[in-house]
Amino acid sequence: MTTTVAVAARGLRRQFPLEGGGIVTALDGVDLQINAGEIVAIVGRSGAGKSTLLNLIGAIDRGYEGELAVFGQELRRLNERQLARFRNRQIGFVFQSFNLLPGLTVGDNVMLPASFGAEMPDTMVRTRAHHLLDEVGLGDRFNQPPMQLSGGERQRVAIARALLLEPPLLVCDEPTGSLDTATADQILQLFQDIRQKRGTTLVLVTHDPAVAKSADRLVRLERGRIVGTTLEAP
Amino acid sequence: MKLRRLLQLTFQNLRSSRVRTLLAMVGIIVGTALLMFFLGLGQGLRERVLNRIFPVNQLELEPRAVQLFGTQQVVGQAPLDDSRVKQLAAIPGVVRAFGKHKSAFPARLWGGRELLGYNLFTEAFFDGMPVEILRAELESFEKPNGKPASAQKPLRCDVDLDCPAGAMCQDAMCQHVVWSQHWRDTTVLALPCNKNDECQSGTCADGHCQLPNAQPLVRCMLEKAAGNGRDLEFDAERGLTAKPCDAAGGFCKTEQPCPERMYCAADHPDSTLGYCEEPLPAVINPLLLEVFNSDMARSLGAVPVGSLAVLYGVRFHVAFGDSFFTQDAARPMQQYKQAQVVGFSRKAPELGVALPLPVVAHWNHRLRGNDSQGPYDAVLLETADNEAVPQVITAAESLGFSLSRKSQAARTAGAVIFFTALGLVLLALVVLAVAGVQIAQTFAMLVHERRKEIAVLRALGATGSDVAVLVLGEAAMLGLLGGICGVGLAWLGAMGVDAAAHQWLANVPLLPEGFFVFPSWSAPLAIGVSLVCCVLGAAIPAGRASRLDPARVLAEA
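Chain order of the listed sequences is A and B.
Under numbering that gives the first Met the number 0, the first residue of the first sequence carries the number 0, and numbering increases by one thereafter.
Under numbering that gives the first Met the number 0, the first residue of the second sequence carries the number 0, and numbering increases by one thereafter.
Treat the hints as calculated values from the structure; they're not laboratory data.
All C-beta atoms in this analysis are idealised placements derived from N, C-alpha and C, irrespective of residue type, glycine included.
Be aware that one or more of the hints could be misleading.
[Unchecked claim] Far from chain A, by Cβ distances over 12 Å, these chain B residues were calculated:
#	residue
1	D269
2	E289
3	V388
[What the hints assert, rightly or not] Which bits of chain A does chain B cover? Going by a derived footprint, with three or more residues having C-beta under 8 Å, they are:
#	segment
4	57-68
5	84-98
Isolated chain B (complex conformation) (with noise of 0.2 Å):
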């Protein structure tokens, strides 16, 4: 039968039982669009919420521990090192794996007044990670499009608080920085020592480790001790002071002998001489403030946040050694320092700072002792794609390791929601089924309605299969209209989910652009599998048109 007749005909028999016709597409549109809708709903949350918080093809390894007298630990393993590290590179499907160590000390950190107005005061977690590795996401961060986002036109400035976010006071102008070369290996810090042991390289000198080809350190001098942690305060103008300082309540001025952009940091809390050193470069993960401006804000009463721009070169205080909640260690092993936000990275912890791996593995070191697991304690690995994820983790498995609590929490959430899409995507195929059951009866009575047209067809010379093609080209028209209608109903839900989702649940941390992401398939899919259903529903009497008897039907006409 010729194409153009086929359409013709396909489309005067749609026509001529419009109603029945509509009536049957209901089913087959519903039935697609909660297809459409589950599918996109799926793969929405997998990218839109879970990958923004645990990466999907991001990994984090720890040695595999065994549970000995009620505590998780590792042994018979060999240290966690940079040739452990390269083994697990070399499994097929990683693109990069780096060691990473996670503090195991107590810290504490303040700061925040400068942006909302008062001080945070928080304990701390660090993950000490490799320069190497954070580099470029934090220049996609920092340069979305390749141009950086801060870059401004040059203004007038005292001090770095008269210029806009993410630039600095340089030369009395405001300068444009580009904040992921603070993240560097060379950042001059004073990482106090008592031993050479204590220092990962180099040798402990004046109580500070002296490393190799390192500039020297310029010793300095504090005015005044920097008493109790919980007194001091950072002021962009006078630096690092105490308070109060005097009866009438005013501040401080420490001696700044240090170079710009420098500080003088205390040997301990109790000291007044101190090295120069530059702010602790510290990358956080841009879900932190999510969390923030969502409850924590508002449970404050501080104002969200705007954007990450305006975090960029936020300075805070780390107290490395002191603690709200656990013991603190010795005062004399204590040490104030100041930290500075340098970018963003989602490797970075979602609840801490992440600070360059020497400087937690030192204090991790000079804190908690010999660390037996070597200079690392975890590694995270970056999978090509999401579909060698389960065999890079059977690989690494094989090699004495497991995920971490992140990594598995990770893994069941997406199983969760990947079997609870998969649950309503089989629920919307049902209703597919079930509009397929439909179909059927409905060009079952068509057939029978139309038996003396199709005899009359079958006198002009019409097949049987000319005839059961008729019947099901009818359905997958039937079919392709009820598709493109469902696809296009998903679409409108989904809109209209994602705008009363920002109506109502604006608060909720976390709270994405959009549930919904339809991959490029996923209609072409939908719309396929519409089709089939109706080719289908329609097969048994399209079968039954195709052996009418024509003699006996014009016969009964």
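Just chain A, with the same shape it has in the complex (with noise of 0.2 Å):
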């Protein structure tokens, strides 16, 4: 069987300019494939480069050096508008502090992504939505503000926002950053389910050891570079 590989980066490298002159790494020649279907958990200290890898593989920033290819597509290659529809098609966002939009309903913030260029009929994106909701356990709350639901239910939704076009990707940036113990046991039960049904990939960047136990394979980072990758997480 053959295994098709999501994320594939060689010697990938990312700098900053900084606002005084000079110079600075975030990302120093990294070298790292992430298989479909497999979830991986990036870990590190603060400034380590976790965030600026997920950026580049959720194709949000392009300003690297070396080679990186998301499901076979070099994004560097990609002009601005074809990234925008290759992270609308491919990628879906899981943010630590949700980012709902607080003006729209729960069922229209899940709904948003089908508004960029995505060709499909608003009858079936709102059947979708709430078959989405219903997946995670928030059927009932179609019509609702997110300001009126807990963190673990916000973080539901966004989960829901993300997989509306069924991309094959879900970066998460610290997905259960903001929510107790109880709830992000949920939330990564959720994500195992999502792998299980759907055959997603996710790329999780965490502190958390939890998060980091329920991953496949566990990379670590280091001022810009991988110090250690675990086939599986401890």
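Two chains, two separate frames, one set of hints: put the complex together.
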């Protein structure tokens, strides 16, 4: 059986100019391969380059050197519009602070990714949003404003939003960072279910040992370099 | 980005920053309201004030005069006759052209007793106008919406005064009269003359012009010489009388040997002999009534005249050759006649009376001698629309004509109104531009506050242009709402000004029904300008939003 490569990075390097002059290197020659269907946790201290790596994999930053392909697509070759379309179709984002739009209802938040370029009929988008909310246990909250939900519920709405267009890759930045332990466990279970049902690849940046433990593989970053990977998380 | 979603996000954003949005809209609302207000005011002043006094598409032209020894002289030009009028009529954009003759002789008139209770006396000025030009206009005044204004149920009567305004007593019944039909070439008139060349057509016989194909004039005799015209009275029942006639102060009854609707017009003030003739058909400008009703009536202690309709059929006297101001003509050259109001026209002189052209031409000729400029001394042109006016003036000038003082004044007044309105509109545009700057600041702040939200949208697949469209859409919505509110405010302001004007300026002459005319394009234009100001104001913040680096913003968050 052939294994599909979800993310392939070779010699990946990302530098940022400093305001007062000079350059800081956030990633320095990262080589990484993530297979489709894997759950990979990226860990490391603050400033190690975790979020930078996640942003590059999530195609919201392409100012890198080296090679980076997501599902075989070299990101640097895409123009701005193509990259946005790529993000829209191939990648789902889950943030630590949920980032739901407060003025929209839960359902509208979930349907938001379909607003950008997706050629899907409105009725289908709505049906799918209902279905996803059912799946994360919030089917009855479709018309509620997100501010009325608890933290865990909001994160589940964010996950439903990330899954609307069925992207093969979910990138999650500290997905349980704002949640209590019990709620975090529920979210981790949800990630497992998603991978199980859909074969979705998950890349998680975390400080939480529980999250790291739930991953198939753990990538440890230090000063922009990978200093260790384990096939099975400890 | 899908339109429905764009609108949804736009409304959501506007709602979430309600106070700031409303504050930003204040400038736009005020600017749009001012723009709309001044557009309406400028148009209103042109249409409802200026156009009532000087119809814009109506030009009065005279042969170009040169300054010669301190006076205006027309030299070296062919007489102003029908061929030259036809030349002017052929100018592209001209609908009609006709020659007119202004009176250049002394005359005075008096009358109004039957209406006001006493006679008014004034020096008289006349414009002679062709019948065919005024007929349609007289009919439009007399029959608004195609129906006679004075159509009434028949009433029994003994004299005209028993009948409602505009009707006349015929066969003991009040009959509706189509007054415009009294304005005709065939009016039986006795025009005095001493020799043949005083008569425009026909010959001079028995001291009067005998016109070809005209009804023969009937000789009549007054019982007593009319005497000084200032003592003449017109009474509907008794006809022309002189007072006092006897010691008891009674009226002298005059002979009335003339057919119905005619009277005996003495050959001259000292003669008892005359000819039967119909009253001169007279057309007056409706503005005259407005001027009378405003200040004149009050200062004369008279009651304002309610409507034009009551003036139909009112008779007054005209003394040709007699004047309050200048040297009278020799008494044998003078003649006292009756005239009757048969209609209203904006082409008639504002402070004078329009009479059939041959009458004015005749008296000019009789009292001022040969007129070297031909049968006309001015030409009135009507253009198809206001836009054609400048080209028509240029073409007319190349034919040796220039605008009369009246038309020049109209053009000047029009230009003053135009440039004043333009200045005020520019002021409104400046207010809108300032509001646009305010919008720019507001949106710059909003974009900064929503950086994270924008970054999330970008992460979810929005392109930079999607984000820009979102910000511009929000600005457009603001412009649209602000524009609609501004237009509403302008309308309310206009209504308020009109109401205040009628409350406080009721006695000002020529006060229009309203000072504002909002053309159909003005509201869309004002809203469009408001929209453009907002969109332009938000353009720079929208550009910044579209270039926002989502990775950096999310990292900051």
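Hints, one by one, checked against the model:
{"no.": "1", "hint": "D269", "result": "holds, 98 Å"}
{"no.": "2", "hint": "E289", "result": "holds, 59 Å"}
{"no.": "3", "hint": "V388", "result": "holds, 54 Å"}
{"no.": "4", "hint": "57-68", "result": "holds (count 3)"}
{"no.": "5", "hint": "84-98", "result": "holds (count 8)"}
Violation of the numbered hints given earlier is absent; every hint is satisfied by the structure.
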